[in-house]
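Participant: Sequence:
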Amino acid sequence: MTTRFLTVPGLASSGPNHWQTIWEVQYPHLFSRAEQVNWDWPVKDEWVVKLQEQISKLTEPTVLVAHSLGCITVAHWAQEYTSEFISGALLVAPADAELSKRLNFVVGFTPVPTLKLPFKSIVVASNNDIYATIGRSEIFARNWGSEFINIGRKGHINAVSKLHDWQEGKLILEQLSSFELSKETVQELS
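Counting along the sequence shown from 1, when you hit position 88 you're at 91 in the numbering used here, and nothing is skipped either side.
The hints are simulated quantities; they were obtained by calculation from the structure and are not laboratory data. Being a predicted model, the structure only gives us computed values, none of them experimental. Incorrect hints may appear among the rest.
Unchecked claim - Computed cross-link-like contacts, DSS-like style, restricted to lysine-lysine with a CA-CA straight-line distance of at most 25 angstroms:
{"hint": "1", "residue 1": "K53", "residue 2": "K119"}
{"hint": "2", "residue 1": "K47", "residue 2": "K119"}
{"hint": "3", "residue 1": "K60", "residue 2": "K47"}
{"hint": "4", "residue 1": "K119", "residue 2": "K165"}
{"hint": "5", "residue 1": "K53", "residue 2": "K123"}
{"hint": "6", "residue 1": "K47", "residue 2": "K123"}
What the hints assert, rightly or not - For each label pair, taking beta carbons as the anchor points, the in silico distance ranges come out as:
{"hint": "7", "residue 1": "T62", "residue 2": "N130", "range": "38 to 44 angstroms"}
{"hint": "8", "residue 1": "V28", "residue 2": "K60", "range": "17 to 23 angstroms"}
{"hint": "9", "residue 1": "P64", "residue 2": "E150", "range": "17 to 23 angstroms"}
{"hint": "10", "residue 1": "D168", "residue 2": "L102", "range": "16 to 22 angstroms"}
{"hint": "11", "residue 1": "K119", "residue 2": "P64", "range": "30 to 36 angstroms"}
{"hint": "12", "residue 1": "N146", "residue 2": "V40", "range": "17 to 23 angstroms"}
{"hint": "13", "residue 1": "P31", "residue 2": "P64", "range": "15 to 21 angstroms"}
{"hint": "14", "residue 1": "T117", "residue 2": "P31", "range": "33 to 39 angstroms"}
{"hint": "15", "residue 1": "T136", "residue 2": "Q82", "range": "20 to 26 angstroms"}
We treat Cβ as the ideally placed atom computed from N, Cα and C, and that holds for glycine.
Turn these sequences into a full structure, and let the hints guide you.
Facilitator: Here is the structure:
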């Protein structure tokens, strides 16, 4: 059975130059996006319910591909819900909602859940992410039972980081699925 992927963007969603969006465009038959009512004013209860609505419609094994506040949304979702179809999660640059200078802006996302996730997961972090220190990202990974990967100085691992279709991320994602994204990209470019 083919693995599907559900992207879970963070604040403001992911624009056209973000690797999440690029992957969705490259693989429309495999990727879909969890949508939110309001991408610019995140409320944890609303975001978790919207994620659950999307997950409840799944019929095949699916890997969550989260970025920033989307990672924290996944952690909260896993505390409240479960799905036999979620086979893993790639959690990229989890935003440290607890240390945000705008706590009233990320309503309900604190405290960040510390329970182990019930599926295989990988946390990917950067040494110079302005939204979470590498140490905090490593703590999130340890708490969630996730493999931890430090990819060096890549900022918030978003469009500003100029990663484009982020080949390194595809290789990491392959550890959570049976589909070889990087191989398919090479074949498409041939």
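Participant: Is the hinted pair K60 and K47 satisfied, with a Cα-Cα distance of at most 25 angstroms?
Facilitator: With Cα atoms ~20 angstroms apart, K60 and K47 stay inside 25 angstroms; holds.
Participant: If you check the beta carbons of V28 and K60, does the distance land in 17 to 23 angstroms?
Facilitator: holds, 21 angstroms
Participant: Taken at face value, is the distance from the CA of K123 to the CA of K53 at most 25 angstroms?
Facilitator: holds, 22 angstroms
Participant: Do D168 and L102 keep their Cβ atoms within the hinted range of 16 to 22 angstroms?
Facilitator: Check failed, 30 angstroms falls outside 16 to 22 angstroms.
Participant: Quick check: does the Cβ-Cβ distance between K119 and P64 fall within 30 to 36 angstroms?
Facilitator: For K119 and P64 the Cβ distance comes to about 20 angstroms; the hint is violated.
Participant: Take the C-alpha atoms of K53 and K119, compute the straight-line distance between them, and say whether it is at most 25 angstroms.
Facilitator: Given that 25 angstroms is the threshold and the Cα spacing comes to 22 angstroms, the pair holds.
Participant: Does the beta carbon distance between T136 and Q82 stay inside 20 to 26 angstroms, or does it fall outside?
Facilitator: holds, 23 angstroms
Participant: Can you let me know if the beta-carbon spacing of P31 and P64 is within 15 to 21 angstroms?
Facilitator: holds, 18 angstroms
Participant: Is the hinted range of 33 to 39 angstroms satisfied by the C-beta distance from T117 to P31?
Facilitator: Since the Cβ atoms of T117 and P31 sit about 36 angstroms apart, the hinted range of 33 to 39 angstroms holds.
Participant: Between the beta carbons of N146 and V40, is the distance compatible with 17 to 23 angstroms?
Facilitator: The hint (17 to 23 angstroms, Cβ to Cβ) is violated, given that N146 and V40 are roughly 28 angstroms apart.
Participant: Hinted pair, alpha-carbon criterion (25 angstroms max): K47, K123. Please report holds or violated.
Facilitator: holds, 23 angstroms
Participant: Does the hinted range 17 to 23 angstroms hold for P64 and E150 at CB?
Facilitator: holds, 19 angstroms
When the structure is compared with the earlier hints, violations turn up for hints 4, 10, 11 and 12 and for no others.
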